[in-house]
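Note that the working numbering has the sequence shown beginning at 1, numbered continuously upward.
These are calculated hints, taken from the structure and not from any lab test.
Glycine included, C-beta positions come from ideal geometry on N, C-alpha and C.
It is possible that some hints are incorrect.
[What the hints assert, rightly or not] Using 20 Å as the maximum straight-line C-alpha spacing, the simulated SDA-like pairs for lysine to any residue come out as follows:
(1) Lys-237 x Gly-68
(2) Lys-237 x Asp-202
(3) Lys-237 x Gly-133
(4) Lys-237 x Gly-5
(5) Lys-237 x Ile-174
(6) Lys-237 x Phe-67
(7) Lys-237 x Gly-28
(8) Lys-237 x Leu-3
(9) Lys-237 x Met-1
(10) Lys-237 x Pro-56
(11) Lys-237 x Ala-218
(12) Lys-237 x Gly-57
(13) Lys-237 x Leu-223
(14) Lys-237 x Thr-152
(15) Lys-237 x Ile-71
(16) Lys-237 x Gly-22
(17) Lys-237 x Arg-9
(18) Lys-237 x Ile-93
(19) Lys-237 x Ala-197
[Unchecked claim] Pair ranges (Cβ atoms, derived):
(20) Ala-240 x Asp-92: 16 to 26 Å
(21) Pro-220 x Thr-89: 19 to 29 Å
(22) Thr-54 x Ala-176: 10 to 20 Å
(23) Ser-194 x Arg-38: 32 to 42 Å
(24) Ala-51 x Ala-197: 33 to 43 Å
(25) Pro-153 x Ala-66: 31 to 41 Å
(26) Thr-89 x Ile-58: 32 to 42 Å
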Amino acid sequence: MILPGRLTRLTVLDLGLFEVRGGERLIGIPSYLMETDRGDRILFDTGFPPAYATDPGIADRDGLPAFGRLIGYDVEHTAEGALAALGLTPRDISLTILSHGHIDHVGALHLFAHAPIVMTARERADPRPSYFGTARPMAWPEARHILIRDDTPVCNGLTLIPTPGHTPGHLSAILALPRTGTVILAADAINRASEPAEHFADAQDPDAARASADRLLALPGLLIYGHDPAQWQSLRKAPAFYD
């Protein structure tokens, strides 16, 4: 175990909307705040860089238009802004988990470098976060990194599982909540419900992605996809929560 205690709550944070490749899809950008009965707060993924909310020109220089465009992205939809709406600051986070190094997940990681960062050793082996395409505008923050290779319990009720395919070091999470029961945070191991039928065309390794998805799909419980447009509308989001 990395932390003591038992998982008690999951809050889905809304970190804005992103239009993929000229309108191919309009997706929600999630981050997940988890809390334990010992008062620890765990953040899973961090959304886009907060600088994009105040200076869109930075996103342009980073090459974001080749990927898509942010819709209505403002300070309230940054990781820090979403936490502020709950009366929290980045310093209230005890542990950060990174599913993978794409820009919509790693963008605010530097704000949480005071706390240990958990990710797979394979993902951290990249010299810089993978962002999108060939762009590498970010560096890994100076922090204590907890690098995992196998299924790893974080606390009672939270287990991380490597799910390679979308990226070589992708990571998903299995939660056991007191009332809701099992929740699977697939992240981009399964972007959307249709992705298996689309043969994981967005994955770096489609065969590995299918094997990872098969494992997740075999689990009972609430499966939360990485960016499913329809499911995003139905998810209970902050300040509501799952317990």
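Restraint check for Lys-237 with Asp-202, where alpha carbons must lie at most 20 Å apart:
At roughly 26 Å apart (the allowed maximum being 20 Å), Asp-202 and Lys-237 break the hint.
Between the beta carbons of Thr-89 and Ile-58, is the distance compatible with 32 to 42 Å? About 23 Å separates the Cβ atoms of Thr-89 and Ile-58, which means 32 to 42 Å is violated.
### Message
Can you confirm whether the C-alpha distance between Lys-237 and Thr-152 stays at or below 20 Å?
### Response
The hint is violated at about 26 Å.
Task: Holds or violated: Lys-237 to Gly-57, with C-alpha atoms at most 20 Å apart - done: 29 Å, violated
### Query
Do the alpha carbons of Lys-237 and Met-1 lie within 20 Å of each other, as the hint requires?
28 Å, violated
(Q) Can you tell me whether the CB distance of Pro-220 to Thr-89 sits inside 19 to 29 Å? (A) Distance hint for Pro-220, Thr-89 is violated at roughly 36 Å.
Straight-line alpha-carbon gap Lys-237 to Leu-3, limit 20 Å | 25 Å, violated
So if I understand the rule, the pair passes when the alpha-carbon distance is 20 Å or less; does Lys-237 with Ile-174 pass? Distance of about 18 Å is within 20 Å: holds.
With 16 to 26 Å as the target window, see if Ala-240 and Asp-92 comply at their CB atoms. 19 Å Cβ-Cβ, so the 16 to 26 Å window holds.
*asked:* Next pair to validate is Lys-237 with Ala-218; report whether the Cα-Cα distance is within 20 Å.
replied: 25 Å, violated
Take a quick look at whether Lys-237 and Gly-22 sit within 20 Å of each other, Cα to Cα.
27 Å, violated
Worksheet item: Does Gly-68 lie within 20 Å of Lys-237 when you go C-alpha to C-alpha?
Response: Violated, because 24 Å separates the two Cα atoms, which is more than 20 Å.
In the structure shown, a violation is registered for the earlier hints numbered 1, 2, 3, 4, 6, 8, 9, 10, 11, 12, 14, 16, 19, 21, 22, 26, in ascending order.
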